[in-house]
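K.L.:
Residue numbers (numbering that gives the first Met the number 0), protein chains in the order written: chain A, 0 to 534; chain B, 0 to 110.
Derived from the structure by calculation, the hints contain no laboratory data. Each hint should be verified, as a subset may be incorrect.
[Unchecked claim] Here are the simulated DSS-like cross-link-like pairs (lysine-lysine), alpha carbons at most 30 Å apart as the crow flies: (1) B:K30 to A:K67; (2) A:K34 to B:K37; (3) A:K315 to A:K400; (4) B:K75 to A:K514; (5) A:K159 to B:K100; (6) B:K33 to A:K25; (7) B:K100 to B:K30; (8) A:K315 to A:K293; (9) B:K75 to B:K43; (10) A:K150 to B:K52.
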Amino acid sequence: MENNSLVEKLALQVESFQEGFEILSKSFSLVEMVKNFLHLIRGNFITTEIYAFHKLKNDSNWNIISLKKISDPSYLSFLHDSTNPSIKYFEDNNIEVSITLPLSDQTFLGILIGPKLDKSKFTDLDKITLQILLQVFDSAYKSFLNQKKEKTLIFELNEKILHLNNLIDTGIEISRYNKRRILYDVSLERVCSLTNASSALIEIIKVSQNNLKKYITFPAGIEPDKILNNKFSIKSSFEQQDRIYNFILSEKETRHNTTSFTELDQLLLDSIARQVAASLENEYLHKQAIEKEKIEQELTVASSIQKRILPESLPKIEGYEIAGINIPSKEVGGDYYDCFNLGNGKYALIIADVAGKGIGAALLVSTLNAALNSYLQFDIPLTEMSDRLNKLIYKSSPSDKYITFFIAVLDSISGELDIVNAGHNPILVLRKDGTLEKLDAGGVGLGMFDFGIPFAGQKSVMNSGDRLFLYTDGIPEAMNEKEEEYSDEKMIKYFIEHSDQSSDVFIKSMVNDVKNFVGITPQSDDITALILKRN
Amino acid sequence: MSTDFNLISELHDKTLVIKTEGYINSGGGEKIVKEFEKHADVNKLILNLENSKVVNSIGISHLIEVIEKLNQTDGKLVFTNLDPTIEKTFSIMGLFQFAEKADTVESALNG
């Protein structure tokens with residue numbers, strides 16, 4: 000061969016090697032790379048019988064990777080094992096070259112090359128060319144592996160960023176949902192996506208209902224037992240408001256199989272479960288706040304009703320001193336008192352207490368007040384009026400609501416008292432000589448029953464120096480921090496010991512005594528009292 | 000592995016439209032790759048993910064495989080009807096460097 004021709008051929012070969020490297024480097028997989036390599040060999044040596052094989056270890060079996068089906072199985076006998084790059088040339092055979100090339104990932108490539116189409120033998124130049132092509136393949140494969148490693152690293156890095164981003168997004172999104180089902184679904188979707196779990200489940204156990212269990216799964220159609228009975232699972236739990244929540248992930252996926260969950264997966268699951276717990280807690284607190292606000296609004300209404308009904312001032316009664324007081328509790332009870340001027344020197348003194356608190360009690364007091372204003376215009380006997388009131392309150396109130404009620408009509412001139420006590424605390428009369436009487440004749444509370452049983456009346460007389468003391472149970476039942484009651488005894492003792500005080504002074508000092516006894520304990524019921532003293 | 004995944008496909012000349020439904024995990028991703036490989040002449044794949052709201056990393060690795068195969072033949076993959084969460088996921092994972100997105104299948108077919 001002339002020098003110029005050799006140089007030209009070598010230059011072409013170099014160019015071919017470069018192109019070969021580029022083609023091989025762009026290959027997507029080993030199989031594709033090998034197939035491209037076989038094309039290169041075929042082009043360089045003009046041969047059609049060319050086969051490639053691959054094995055994972057030196058002692059493994061060869062697997063064929065070829066452009067075409069092997070034409071004679073006996074060719075396989077030409078393959079040889081070697082842990083170093085090895086090329087064997089054969090004379091007068093259907094296979095002329097056998098190559099074993101250890102690859103950089105510790106696997107092996109085997110190549111068999113048949114005769115050239117022109118039947119010429121492999122020259123020294125061919126052998127050098129083949130040697131160089133094998134080096135090109137080896138370099139391209141290293142480059143391919145590096146690229147693959149680089150891609151894996153980038154993928155893993157992006158995956159970590161995705162984890163972080165998903166966690167932040169999930170926290171924000173979960174806190175936004177007010178429907179629990181959406182909250183559960185989103186948390187399962189996100190945790191599966193984050194951990195590559197094949198499926199997931201939330202088991203909700205209602206402790207108060209005999210451990211009744213409810214399941215939410217992802218994917219939605221999967222049977223809970225498939226997840227619960229899976230050995231390859233992780234779990235995170237929390238308890239809240241009588242419920243136990245178990246979050247379970249099942250089967251961590253890989254490209255071709257499943258693998259064990261990692262510590263990071265457990266952390267991610269715990270984190271999502273905590274976010275759900277926080278969201279449920281917020282929902283609970285929000286509901287409580289709304290409920291509290293509703294109660295406060297109701298109490299405001301009840302309080303305004305009560306204030307409107309209670310007297311701003313009491314009438315002046317010639318020859319008597321009268322004073323009254325009402326201190327509503329925070330919860331607003333249904334206490335009521337008043338004194339109506341009936342004309343002709345007659346006055347009706349009333350005290351009442353509705354069973355219950357809040358707006359319901361206030362409305363019932365309002366009904367009683369309206370009825371009294373109406374009935375007291377007529378000269379109806381108190382027992383009959385009490386019967387009418389009973390019927391009215393019975394119809395106007397639910398079964399658990401009734402009113403304890405006391406009414407005394409005073410003839411201020413004669414001092415005569417006409418009395419009915421409908422289930423109220425005994426009303427006290429302290430005579431000038433220190434004798435104490437209790438006025439308790441009447442019947443049951445208004446609205447309790449409607450059996451037609453008549454109310455009984457009672458008569459008494461207020462003489463000079465006598466005192467009539469009307470009160471509600473807010474006084475004797477006032478409780479201190481030791482849960483001790485002020486008591487009837489203490490109240491009566493105070494009433495007797497301070498009988499010389501004017502009505503105004505007495506009623507204020509009595510309330511102060513109750514307050515001193517109660518101390519810092521919040522007032523649980525209305526305190527109401529009315530006192531009448533005949534001069 | 001549990002699968003909750005279905006797909007349907009349509010061929011428009013050399014464009015394959017695959018509409019998925021369910022979790023794009025290992026099983027789902029594998030089904031997409033297999034469906035794509037059934038059509039050797041395809042140079043454009045439109046993946047309508049309207050009914051897929053969840054994807055995991057293994058599912059994404061299958062999608063990357065499809066993208067790489069298409070890119071080798073100067074073909075392209077277009078995602079359509081993406082849920083915002085999936086769109087963000089693909090964005091973070093770098094899929095839109097090698098694949099496109101469109102609002103609808105119609106706009107992807109015309110694009």
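K.L.:
Does each hint hold? Answer for all of them.
P.N.:
Hints, one by one, checked against the model:
no.	hint	verdict
1	B:K30 to A:K67	holds, 28 Å
2	A:K34 to B:K37	holds, 20 Å
3	A:K315 to A:K400	violated, 34 Å
4	B:K75 to A:K514	violated, 85 Å
5	A:K159 to B:K100	holds, 23 Å
6	B:K33 to A:K25	holds, 22 Å
7	B:K100 to B:K30	holds, 21 Å
8	A:K315 to A:K293	violated, 41 Å
9	B:K75 to B:K43	holds, 5 Å
10	A:K150 to B:K52	holds, 25 Å
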